[in-house]
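A.B. asks: Chain residues, written in single-letter form:
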Amino acid sequence: MAKIGVFTCWCGENIARHIDVERVSKAIESLPGVHCSMNYKYMCSEPGQSLIIDQIKSLGLTGVVVASCSPHMHLKTFRAAAQLAGVNPYMVEMANIREQCSWVHADKEEATAKAIELIRISVEKLRHNRPLQPISVPITKKALVIGGGVAGIQAALDIAAAGHEVILVEKEPSVGGKMAGLSETFPTLDCSQCILTPRMVEVNQHPKIRLMTYSEVEKVEGYIGNFSVTIRQKARYVDVNKCTGCGTCWNGCPNKRIPNSFDFNLGNRTAIYIPFPQAVPARPVIDSSRCIHFKNGKCGICEKNCAAGAINFNDEDKLITEEVGAVVVATGYQLYSIGKEQSNPNLSGYGEYGYGKYKDVIDSLQFERLISASGPTGGEPKRPSDGRVPQKIVFIQCVGSRDNAKGVSYCSKICCMYTAKHTMLYKHKVHDGEAHVFYMDIRSGGKKYDEFVRRAIEQDGALYHRGRVSKITEEEIDGVRKLVVRGADTLTGKPVTVEADMVVLACAMAPTDGATALAQKLSVGYDEYGFLSESHPKLRPVETNSAGVFLCGACQGPKDIPESVAQASAAAAKVLVMFSQDHLTREPEIAHVDESLCAACCACVQACPYEAISIEEIVDRKGNHVKNTSRVNPGLCMGCGTCVAVCPSKSIDLEGFTEEEVYAEIESLLS
Amino acid sequence: MSETQSQLVADVEKLAHTQVNDCYQCGKCTAGCPRGDVMDIGPTRLIRLVQTGEVLEAARAESVWQCVSCLTCSTRCPKSVNISGVIDALRQISVEKRISAKRFNKTVLFQKEFLRNIRRNGRTNELELVVAWKLLGLASDLNPLAALRDAQLGPKMFFRHKLHFMPGSPVKDKAVVRRIFDRCMAERKSETEE
Amino acid sequence: MEKTNTDQTFEPKIIAFVCNWCTYLGADLAGTNRLEYPANIRIIRLPCTGRIDFNLVIKAFEVGADAVLVSGCHPGDCHYNAGNYHARRRWILFRELLEVLGIETERIHFSWISAAEGAKFQKFVTEIVDKTRALGPYRGYQSITHESEER
Amino acid sequence: MGTTEFGYYPGCALHGSSNDYEQSVRACLDRLDVRLTELEDWICCGATAAHSINQKLATALPARNLAIAEKAGCGSLLAPCPMCSMELLKAKQAITSDPAVRDEMSEIVELPVIGSTDVVNLIQVFQAIGLDAIKSKVTDSLDRFRPACYYGCLLTRPPKTLRFDDCEHPSSMETFLAELGAEPVDWNFKTECCGAGMTLCDPDTVTDLAHKIIANARKHGANVIVTACPMCQMNLDMRQADVEKKFEETFDMPILYLSDLVGLALGISEEELGINRHYVKLQI
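Protein chains in written order, with this note's numbering: chain D, 1 to 671; chain V, 672 to 865; chain U, 866 to 1016; chain R, 1017 to 1300.
Possibly wrong hints are sitting among the right ones.
Said to hold, decoys possible - The calculated SDA-like cross-link candidates involving lysine to any residue, where the alpha carbons are at most 20 Å apart (straight line), are: (1) D/Lys-650 x U/Ile-923; (2) V/Lys-685 x R/Pro-1174; (3) D/Lys-521 x D/Glu-322; (4) D/Lys-142 x D/Thr-585; (5) V/Lys-845 x R/His-1031; (6) U/Lys-924 x D/Glu-117; (7) U/Lys-924 x D/His-128; (8) R/Lys-1228 x D/Glu-476; (9) D/Lys-242 x D/Asn-305; (10) V/Lys-685 x R/Pro-1115; (11) V/Lys-783 x R/Asp-1218; (12) D/Lys-359 x R/Asn-1204; (13) V/Lys-845 x R/Asp-1057; (14) D/Lys-482 x R/Gly-1237; (15) D/Lys-357 x D/Lys-406; (16) R/Lys-1235 x D/Glu-474; (17) D/Lys-427 x D/Thr-377; (18) D/Lys-650 x U/Phe-919; (19) D/Lys-382 x D/Glu-434; (20) V/Lys-773 x R/Asp-1218; (21) R/Lys-1228 x V/Asp-708; (22) R/Lys-1176 x D/Asn-404; (23) V/Lys-750 x D/Gly-351.
What the hints assert, rightly or not - With the Cβ distance kept under 10 Å, some of the chain V side facing chain R (calculated, not the full set): (24) Lys-685; (25) Ala-687; (26) Arg-706; (27) Gln-737; (28) Arg-747; (29) Ser-755; (30) Phe-781; (31) Asn-788; (32) Ile-789; (33) Asn-792; (34) Arg-794; (35) Val-847; (36) Phe-852; (37) Glu-858; (38) Arg-859.
To be clear, the hints were calculated from the coordinates, so they are not data collected in a lab. For every residue, glycine included, the Cβ atom is placed at its ideal position computed from N, Cα and C.
Isolated chain D, as found in the complex (with noise of 0.2 Å):
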């Protein structure tokens, strides 16, 4: 038999101003369940909680409601209050006499009405209420990292330096992403694989973690603290613990002439490779599909060279599986490509800008190659098409950010910052050269950064025009191929016409090919362009909305260095935090099956938005198959009870929100 205590607050007079507080204690005495009923001026403060547990301990109450504020202020308090004096703190309810009550009527009969209407209905679901178990789950405290650009590699350094074992899969044979590639960084014009390729050795070198490079996250399974993670390691086709990285066989490799990917495919590579000099891992790749031995099973030259024996050809894709407490994704970007062909079908490319059909019209990325000491001209800026020095440069801002025709509406944030470093780098090797720019705004935001920009005009001599590029052509002017460039200058109103020997284009940042699909696996959120979605803009800025996984970088949206670091960082921070405890709390609030009655018809299956709920066979003692049912993961469910509304007979039902205690609640509005 339920003994429940009914404590209405006046709040002051925030309530009592508008509600009969007295006549509202009267009326919910002699309903049903109801042992005692109260009022007092703040009953959230000290004396009122004492009033409440002095209450519960004298009259051996089971259940408390307290006509209040929202829930969303006070339910947490005087949960903890009951839990004080006893009495299982989901046996609490809340009624809401203030936010929705007293604050939004003025007629002090109907408020008054109202409010004893709402604690009728509390009072009635908490006669069907029963106490619930919070829920507890042991962590796994070994992470996993997805990415080894530079935010990945961040926060696999310090998850590791605070002890813990970390696994960083990266899908390229080396670690570095996007920065490995960059030449010099804005704004302080420092070397960008300077910077980065000690850490890129430390994460090799670190005995907390295990790099996986050439390796994609294949399938997930399982949910904070517990996830089991299988993770494909493509074949390489060469022992990395056998190689030595001596470099005898990408040296001796026939097959030179392969379009080097690292390089944007400015540059060249052979068939066995690694990416660049100071790749992490030092150990080669055989890229099979242009290998000779592997259309003829001839030539296997570096079989034969390699004297550590490291070379295998059999080699196959392995699958591993890991256990891991929590996930982080850094998978980075790709710039929109302003070609014909879109990954994202709501894209389009940029036909009038004849990328694609003019070899000097490059982009930023391939830009930053061309002029980085490790790139293939040895940073000397020489146009692709006849390798001439380029004596007039057009660099076009926003080729895809801000132009919603071409289906991107965002700002990329990167581009005018790297943009002005473009125009000095150029000026710095060609210092007779013309840096033309077209932009339309110039968001310089950040530490040093303006400053950096208007040095680029002022000290370099950036030639700027406010204005978009209408259109590119490729003309020979007096024997030279040049790119007419025909932009405007909003500032005088006129048509700009430029004839340049290269154009670069400062492309969109967008999600990788792969984030969306990875997004998928991990039930993380993701928006229309595939930016990954945090669970708060403001203040779960790296979390999700799928417990323990955890984004940085700009697979969550276009982000320079310092932002990128930044955010992994607080991502280690925030998988620290989860690995300080031994065992998770859980909210009881999920949803539960109720086996006997379960007929495995699936609907609460495909329902769930996070794969909580799996068929599982019920056997009896001698392992015979009585029937299969469905069963909620606790670890996964949230508590959205979406499988509750589609379940057909009802056998699966939401704790907090149970069928009986939702009907209580309407039922109680008979009139």
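Here the structure of chain D is known, so what remains is to put chains V, U and R in place on it, guided by the hints.
C.D. replies: Relative to the frame of chain D, chains V, U and R by itself:
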């Protein structure tokens, strides 16, 4: 912005089926415009004038009539603003309010004559048009030689059977064409049919 | 609430099913901002609109609701990723079913109201109360059950 | 190959100063067993004048023609003039996307119109006939021609209304002519405007624009410019003498219709196609 100005902006947007505030003044329309280099007020600034309520100033611009209606601007606009539609709307307003740029009186008169010609015949009668054009030229141009410039093309075209005295096959139901014109013109207080 | 037949004094009973993370907080915000609206609404708080089985809606009519309101997070904003999409999909099916059953669909109102949309909540409730007042008391449910009992 | 049928909207130009285009189109399609049924009592599409002076008229005039086509049960309507074609498609788009416009237009033009007719340009007609069918009738190779295919403004713009080819780098004419043995050149003014709309009002503008186009075609090795637009053809052809005078350059660049070149491949004579009536003589 005054109420009159807001109404004019709304009128332009309605005629052009576009939202001028979508424009963020990137200049791509001016950049690609084949006449951008000779216009007094380029397309980007025309849109800006409309955004700020200065529709009449925009409608007075010479550029409104320098536009060759090639649609390059609207096609490449990153915000899908129908710029050529706005220019058409400005043309219509400039004609209705009799404020079109003086230098382009002839062009305006020609467009009107073209429509009158269709209204009369259902199809264009090119000879009538060319003659009207020449007459307009003599009447409005201070330099009669300039007006005669194209006269030499007349005999050439005629010789090549290109210029017809009558339309190939005249429209039978000319009355319906007139009624269509009257219905379309009726709701706007237009001075096109003076 | 007493129901009477005269329109001047008819106070409709409106039952609202709202999600805990968006619309419930939107209603709280209306309170914080002291945005007044008619006192006819009773809110049942649920974790997500995805939890709303439409039997609940029918149940609401059974206990005498004159209108029912269902509201959750905006599409794409669901606290649980996709619960509101489920609700919307079910609603499309359910609507036809209601029509077959003879329940007036204009008495069911579906909306997205976020935690930031206190004013929208106020406006929505006010409009529904006005509309329902104009429609008069809902006797449809009783007549349906009455008919089936007679059979 | 059986006979293919298309409705036919010639437009004023083809019945006027560009009747050589009509002659060429008819000769060429006749040889390919395509029957054209001219719309009964069609009226002018309104052209630039209508959309400069009254937007409603600019929809109503083409809408009347669409209504006539629908009444005649015409499924596909060939409008060889891209201006007409574009105006018809613009009206069709307005009618099909807004029932209110549809009803209003039906009332204004005194005939019901729902926008069910497909409006096609000349290239689409050739594509519909099919390369194989055309090649089977080819008698002469076009290998002496290095055409610069000129699309002008309105064959591809506005792209969302026309939905034809790539609006920045169209290639349908090139693909086609290459199959017939010609060697199309890659050039940069395929979709630039020749200023035809201003041919009477602003001859200076027109000569400037025409000069850029002809000069670029020559620079890229073309010996003929091919177009599917009567205004472009007339403008580049008739104004070429002015261009040569103003810029003190000699071009002698013949400006042919697409149907002229296809016709030549089919063995039709220059006279039958009306090529002899062009200003710049074809001497290739």
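A.B. asks: Could you tell me which of the hints above the structure violates, numbers in ascending order?
C.D. replies: Of the numbered hints, all hold.
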